[in-house]
Amino acid sequence: MQKPVKFITAILLCALLFCGCGVSQPIDDETAMQCTISINCANALVYGEELPEALLELLPADGVILEKTVVSVNDGDSVFDVLLQTAQKYGIHMEYVDTPVYNSAYIEGIGNLYEFDAGDHSGWMYSVNGEFPNYGCSSYLLNDGDAVQWVYTCNLGEDVGNVYGAQQ
Amino acid sequence: MCMEHSSNLPPASRDTFSTFHPAVTLLYFVLTIGTAILLMHPVILCISFIAAFSYTAHLGGIHAVKRSLIWVLPAAFLIVLVNAMFQHRGITVLLYLPSGNPLTLESILYGLAAAGMMLAVMLWFQCYHAIMTSDRFVYLFGRISPVLSLLLSMTLRFVPLCYTQFQNIREAQRSIGRDFTEGTVLKRMQCAVTMLSILFTWAVENAIITADSMKSRGYGLPGRSAFSIYSFEKRDKRALCWFLLCGFWISLTGVTGLMNWTYYPALNGIWLHPVSIGAYLCYLALCFTPIYLNRRENRIWERCKSEI
Numbered sequence: 118m119q120k121p122v123k124f125i126t127a128i129l130l131c132a133l134l135f136c137g138c139g140v141s142q143p144i145d146d147e148t149a150m151q152c153t154i155s156i157n158c159a160n161a162l163v164y165g166e167e168l169p170e171a172l173l174e175l176l177p178a179d180g181v182i183l184e185k186t187v188v189s190v191n192d193g194d195s196v197f198d199v200l201l202q203t204a205q206k207y208g209i210h211m212e213y214v215d216t217p218v219y220n221s222a223y224i225e226g227i228g229n230l231y232e233f234d235a236g237d238h239s240g241w242m243y244s245v246n247g248e249f250p251n252y253g254c255s256s257y258l259l260n261d262g263d264a265v266q267w268v269y270t271c272n273l274g275e276d277v278g279n280v281y282g283a284q285q
Numbered sequence: 016m017c018m019e020h021s022s023n024l025p026p027a028s029r030d031t032f033s034t035f036h037p038a039v040t041l042l043y044f045v046l047t048i049g050t051a052i053l054l055m056h057p058v059i060l061c062i063s064f065i066a067a068f069s070y071t072a073h074l075g076g077i078h079a080v081k082r083s084l085i086w087v088l089p090a091a092f093l094i095v096l097v098n099a100m101f102q103h104r105g106i107t108v109l110l111y112l113p114s115g116n117p118l119t120l121e122s123i124l125y126g127l128a129a130a131g132m133m134l135a136v137m138l139w140f141q142c143y144h145a146i147m148t149s150d151r152f153v154y155l156f157g158r159i160s161p162v163l164s165l166l167l168s169m170t171l172r173f174v175p176l177c178y179t180q181f182q183n184i185r186e187a188q189r190s191i192g193r194d195f196t197e198g199t200v201l202k203r204m205q206c207a208v209t210m211l212s213i214l215f216t217w218a219v220e221n222a223i224i225t226a227d228s229m230k231s232r233g234y235g236l237p238g239r240s241a242f243s244i245y246s247f248e249k250r251d252k253r254a255l256c257w258f259l260l261c262g263f264w265i266s267l268t269g270v271t272g273l274m275n276w277t278y279y280p281a282l283n284g285i286w287l288h289p290v291s292i293g294a295y296l297c298y299l300a301l302c303f304t305p306i307y308l309n310r311r312e313n314r315i316w317e318r319c320k321s322e323i
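Chains as they are written, first to last, in the working numbering: chain A, 118 to 285; chain X, 16 to 323.
Just so you know, the hints here were simulated from the structure itself, not pulled from any lab data.
Be aware that a few hints might be false.
[To be verified] Distance ranges between label pairs, derived from CB positions: (1) X:Leu296 / A:Leu173: 27 to 35 Å; (2) A:Asn246 / X:Thr107: 29 to 37 Å; (3) X:Pro113 / A:Gly278: 35 to 43 Å; (4) X:Leu110 / A:Tyr252: 27 to 35 Å; (5) A:Tyr252 / X:Pro175: 56 to 64 Å; (6) X:Leu163 / A:Ala178: 54 to 62 Å; (7) X:His288 / A:Asn246: 49 to 57 Å.
As the structure is a prediction and not an experimental result, all values here were calculated from the model.
Ideal Cβ placement from N, Cα and C applies to all residues, glycine included.
Chain X on its own, in the form it takes in the complex (with noise of 0.2 Å):
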């Protein structure tokens, strides 16, 4: 499942965002997936998951939405059945279940809540492999700790690189007759069999090789630096700066207590003040800067062309 979100997105080339620097980037992440987990309030779990899904379609367009949708729609549906069935609590009772336990309102919009925050955060990641390939996170951590980041991005590649080989073994294997659809069922686990044995084979071996091309390059050794072409321009500084105001904005009224909701036993929180109003702004905006800025860099495209 992992690979498939991870493929479902074409690497953003044509993406404004993602030539900013990874820190900035990253930071935007943290904030956007922070915020959504740490404060389940209904206001920001709907512009997350509006943002999350408009920057999804932004980034692999229509046909990524699609693809998402067929497994957003059910995993939805899922947990705010099992949510409804095992969590009882809540004033507002609908109907009894047959074993007597209450059916209640809250439990049912609790539901719906958690899942609005799971597929928002699902997303977010979508978009988070797309932008922050694995080169950027070594170039953000492989200082601080060179094992941790090449152990990182080696495990993060691993799922896709293992289905691409296994695609190719099977290929190989189909085309001198030994494919594990056909034959009986004895053949077939045979086949199978092959065929993982080839798989795990190469990946242990796959895993020595990198450790050592890696270890024979020199990567970690003190001293030594990594080619990098991610430089901190004066926009960075700017989004970097955006981010942070919006960030403590957003925080602060997390911290102070403004922005908290209770589903059980009763549906209670502030809704409307004029803090975390500026909150909800504030958040609105953050989700939307890499949208803005795409919006932004084209227009601009657009008047330069026209004026040649």
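Chain A extracted, bound-state conformation (with noise of 0.2 Å):
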């Protein structure tokens, strides 16, 4: 009685493992669809004056760390999907956690600018098509054609065009 119960906690404990393991799958061409994306940190630069002195130096002097770059994308990839693909393909640093009550990725840092680094209100936001989703980037499926900008704010999205009040 005891070793199928024991078998079966093991099992699930190796599931529990590597659940939280993101699978990249490979990239079929002939059903693939074309997606842009581009990461910008520039109102850190002009907002960020209490940014680290370290960090200062390390980001890029326009605020580009990604120009609109083409990629290739599978049927039902996420916004988060894309964007840790194209991290690891150009080595752009990336670290994100996984908030299981919205059931979704949310970005701590690109960049090793992280969120909180300019300021209580700063932090990482998307937007696709130029709106901004109110909900977390793994829930968000590419259609074709979508462009998506990683873009970062200071004051909660109103200096990058997403007033806060006006989406309640």
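With the hints as a guide, bring the two chains together.
Structure follows, in structure tokens:
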């Protein structure tokens, strides 16, 4: 009686161990869609007097971490999947945490620029085709031709054109 | 674990530094430990770790070093591993973890520095326990706050005392056939509970008796003096001046930011500057002062012996 229980527990534990790992699927060229992605932190440079000195030296002078780049995506890929693949492909530093409450990944920092680095209201946001979705980047599934922008905000989105109050 | 470490080193009877005035020895440990904690500079950490290890070896012999190594190495490995797993800052991406987050060189180096700092401090405290015995501690702080110093010394003494008493109880119980390693599960639990009950009763009673006996001797009453054999000699004065000089130089370097070192996002800091090199040398000399004093004392002893 005890052995099967132990065995099942072991399997469950193993499954738990691996369920956090993202599997990046190989891109199939025939069904691949084209999207664009860009990463920009110009706001941090404009507003960020609080930025640590070591960080100011690291960030690009014009704030462009990744220029508008065309990437192929699979059907059902989310904004997060594309960011993760692009970051790994171009060797851009990126850290995220999974937030099970929102069933999404939360981007803590890109290129060593982290949330709260430029004040209490700063962090990374994304827009698709110029609009800021009000939910997590793992939940947004991409369509063909979508333009994804990752931008750094210093005041909850106002400086990147997403007024927080207007969404309510 | 605390008991293990404090009993790891024999009482430092042959150590010259332990015969110095308690204020001087306390200042030494405050400076060595404080510098290592406040300035996480790689050079300072290296010096601190080597010095702490040497002093442990000096006090307890090669045996103490071996016993320390058994827990030092796994602990260091664990700290580095945990830091690399959960901290992803840093510009040098080595590879990507299965989760997709990067493993960076900086996080590994920070883990090494944190491990070095923690282990150096643990080794320093091992030396501290061997040299700053509770009577020295009570001598220093007894007049400022009698209650607090008695409480501290009783608490620190409690762990080894409790362990010894537990061994005694166990031996006594075993001799009447009540050992918790034999018999059915129920019987074993009964024995263990009995022994714990005896231990708690003893601990409470012991604390009350100690407090009562200190009270009956008039501990802490105004005008009451305590016996002490510590005198502030010329050598204490000299050592105190030396420690203060070193401490002043190191803290000046630290306050002016000449010893700043950042690990994230990129390794950055002042490495070679005349003032910081002076501070490294000061810290090195400070840390090795007790070993130097012992060596000198031994040499004098050997010379005197041959002349007799």
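A quick look at each hint next to the structure:
1. With their beta carbons about 33 Å apart, X:Leu296 and A:Leu173 fall inside the hinted range of 27 to 35 Å.
2. Checked against the given bound of 29 to 37 Å, the beta carbons of A:Asn246 and X:Thr107, roughly 35 Å apart, stay inside it.
3. The hinted window of 35 to 43 Å between X:Pro113 and A:Gly278 holds, with their beta carbons roughly 36 Å apart.
4. Remark: the range hint 27 to 35 Å for X:Leu110 to A:Tyr252 is upheld by a beta-carbon distance near 31 Å.
5. The hinted range of 56 to 64 Å is satisfied by A:Tyr252 and X:Pro175, whose Cβ atoms lie roughly 58 Å apart.
6. The hinted window of 54 to 62 Å between X:Leu163 and A:Ala178 holds, with their beta carbons roughly 57 Å apart.
7. The hint said 49 to 57 Å for the Cβ distance between X:His288 and A:Asn246, and at roughly 53 Å that hint holds.
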